[in-house]
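Colleague: Letter by letter, the chains look like this.
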Amino acid sequence: MQSGIEQNIEAEYGKSESLTIEEAIANLQGEDRGLRYYAAWWLGKFRVNIPEAITALIAALDDEEDKTPDGGYPLRRNAAVALGKLGDISAVPGLIRCLDCADFYVREKAAESLGMLGISLKANPALRVSIPKLMELLEGGLAQAQPIPGCPHLAQPYGAVMEGLGSLGAKEAIPLIEPFLDHPTELVQYSAARAMYQLTQNPKYGDRLITALSGDKLQLRRAALADLGAIGYVPAADAIAQTLAENSLKIISLKGLLEYQVKNSSSDSPLLSEAAIHIMTLMDDLL
Amino acid sequence: MTNNQLIQLINAIENADSSERLLKAVEALADARLEAGIPTLITVLGYNNPGAAVAAVDGLVQLGEAAILPLLNLLDEYNYGARAWAIRALAGIGDPRGLETLLKAAETDFALSVRRAAAKGLGNLQWIKMAEEEIQPAQKRVFNTLVLTCQDPEWVVRYAAVVGLQNLATAVAKTQSDLFLQIISHFEEILNGEVDVAVSTRIQLGLAQLAQISLTPF
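One line per chain: the protein sequences are G and C, in this order.
Mapping the first sequence onto the numbering used here, position 236 (from 1) lands on 239, and the numbers just tick up by one.
Mapping the second sequence onto the numbering used here, position 15 (from 1) lands on 17, and the numbers just tick up by one.
It is worth saying that the hints were derived from the structure and are not from the lab.
Careful, some of the hints might be misleading.
In silico lysine to aspartate or glutamate, EDC-like type, Cα no more than 16 Å apart, as pairs [said to hold, decoys possible]:
1) G/Lys207 to G/Glu175
2) G/Lys48 to G/Glu34
3) G/Lys220 to G/Glu189
4) C/Lys142 to C/Glu109
5) G/Lys266 to C/Asp198
6) G/Lys136 to G/Glu175
7) C/Lys142 to C/Asp180
8) G/Lys48 to C/Glu156
9) G/Lys70 to G/Glu34
10) G/Lys220 to C/Glu22
11) C/Lys26 to G/Glu262
12) G/Lys207 to G/Asp185
Just so you have them, the derived chain C footprint on chain G, three or more residues with Cβ under 8 Å [what the hints assert, rightly or not]:
13) 240-251
14) 261-268
15) 278-286
Distance windows between CB atoms, simulated [stated by the list, open to error]:
16) G/Asn52 to C/Asp180: 42 to 48 Å
17) G/Ala146 to C/Leu76: 42 to 48 Å
18) C/Pro155 to G/Leu223: 28 to 34 Å
19) C/Gln214 to G/Asp210: 46 to 52 Å
20) G/Arg50 to C/Thr172: 35 to 41 Å
21) G/Leu223 to C/Leu71: 36 to 42 Å
22) G/Glu277 to C/Ile215: 19 to 25 Å
23) C/Val199 to G/Asn52: 41 to 47 Å
24) G/Gly143 to C/Pro41: 37 to 43 Å
25) C/Arg99 to G/Lys174: 56 to 62 Å
26) G/Asn205 to C/Lys142: 51 to 57 Å
27) G/Ile280 to C/Gly195: 22 to 28 Å
28) G/Ala62 to C/Gln214: 54 to 60 Å
29) G/Asp185 to C/Ala30: 36 to 42 Å
Predicted, not measured: the structure shown is a model, and the values here were computed from it.
Think of the CB as a built atom: it goes at the ideal place given N, C-alpha and C, for glycine as much as any other residue.
Full structure from sequences and hints, please.
Modeller: As structure tokens, this is what we get:
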């Protein structure tokens, strides 16, 4: 949930904190932990895709200084998030190393970012080296993945891992992902459905996410909106427009469908297909 | 409908202890279409409950003109969530008395959800309710503001500006063919520079739909 991180940081540091690129890179390597933490987030937020930023962020993935009492690595988390947004293949080895980090949230952010790199660098075979390590985190299946009493998270960031594998097109992971459709936590089920759809294009997985849009909890409907937008499942358009959630989230979800529709309509069909026009009509109503 | 019934409807909103009950209570007040319920419907816009806010906006839009002045007077300057819903209600009603508020919101509001609602609303104004000599200058102002809004850094605001401009073009097709053509050429101009797939697709849809209008004789 990268939006969660962004909200926390904006609440903590305010929107007034403005940096130049040079300052951000300098801060990231400076003494002040607060400034380092903020700079890592800032470089990702403003997509500072230059070699100096990438190198400094990769180095921050191995930071040992910024450590919470319970063993968390705040700077590593932010650096991992930023590297996912910057779309540079050289971040892959460091992110794979982060999948072994003792801090759950570093593993989670690294898995999310590998998935994002999978989307932005679709055809790059160098990304496939991360697949075996991600699959390793699913080992033990549902038995290992049960909720841990008193712990706010599962043993591994299963959702982020499956979404990453889905975005990387890791068909070999299908047998590992499928059992997670029956996980006791809805969010994990959705991640499994999302990945299964990406890997198989079978509509039954997309339809499962449509069903999730009529669930009771707003938080779960929001998650299903994000998942449907991410996979661009066009048959979900009307259900997205009708679910009870913020218009902003519905519009973003529909945008995912529209982009998928535009990019995937065959070159001999007109750009403004009936489906695309229908999606835009729904978006217009939600503005 | 007696005064007692109104009080009951309002009490049901104030005492709702779940979002489902709140939604039902707001829908009931909205369906009653009572002008005296307007302040309560506006208050609901600030509850940070999207379901209830949608129902309240629907209710306010149905009440139409009667809701305009209370909305303009009670517009919450500090709660951007509430302001976005209020702008959406003003935009849905389309009363030109909301013009100044919508122009200002589209150009300067810091919240993108407010800018986008205002941009769309500017295209939906019911010009017929305006004094005749004021219509053309006001339409020109709306055009200028939406041209600016087409450069917004947020894709969704640019998308809304395109929707607003298309609706403005449709509204002026018979009365101001020069403005109509100006909007078409503006779409052609921004199409080249647009980086967002959704926005550029929406511009193309606007061009295609406006082309159909221009084929019919004025």
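Colleague: Now, for every hint given, state plainly whether the structure supports it.
Modeller: So, going through the hints one by one against the coordinates:
no.	hint	in the structure
1	G/Lys207 to G/Glu175	20 Å, violated
2	G/Lys48 to G/Glu34	22 Å, violated
3	G/Lys220 to G/Glu189	11 Å, holds
4	C/Lys142 to C/Glu109	15 Å, holds
5	G/Lys266 to C/Asp198	12 Å, holds
6	G/Lys136 to G/Glu175	13 Å, holds
7	C/Lys142 to C/Asp180	11 Å, holds
8	G/Lys48 to C/Glu156	14 Å, holds
9	G/Lys70 to G/Glu34	14 Å, holds
10	G/Lys220 to C/Glu22	11 Å, holds
11	C/Lys26 to G/Glu262	36 Å, violated
12	G/Lys207 to G/Asp185	14 Å, holds
13	240-251	holds (count 5)
14	261-268	holds (count 4)
15	278-286	holds (count 4)
16	G/Asn52 to C/Asp180: 42 to 48 Å	44 Å, holds
17	G/Ala146 to C/Leu76: 42 to 48 Å	57 Å, violated
18	C/Pro155 to G/Leu223: 28 to 34 Å	31 Å, holds
19	C/Gln214 to G/Asp210: 46 to 52 Å	35 Å, violated
20	G/Arg50 to C/Thr172: 35 to 41 Å	37 Å, holds
21	G/Leu223 to C/Leu71: 36 to 42 Å	40 Å, holds
22	G/Glu277 to C/Ile215: 19 to 25 Å	20 Å, holds
23	C/Val199 to G/Asn52: 41 to 47 Å	20 Å, violated
24	G/Gly143 to C/Pro41: 37 to 43 Å	58 Å, violated
25	C/Arg99 to G/Lys174: 56 to 62 Å	59 Å, holds
26	G/Asn205 to C/Lys142: 51 to 57 Å	53 Å, holds
27	G/Ile280 to C/Gly195: 22 to 28 Å	23 Å, holds
28	G/Ala62 to C/Gln214: 54 to 60 Å	57 Å, holds
29	G/Asp185 to C/Ala30: 36 to 42 Å	40 Å, holds
In the structure shown, a violation is registered for the earlier hints numbered 1, 2, 11, 17, 19, 23, 24, in ascending order.
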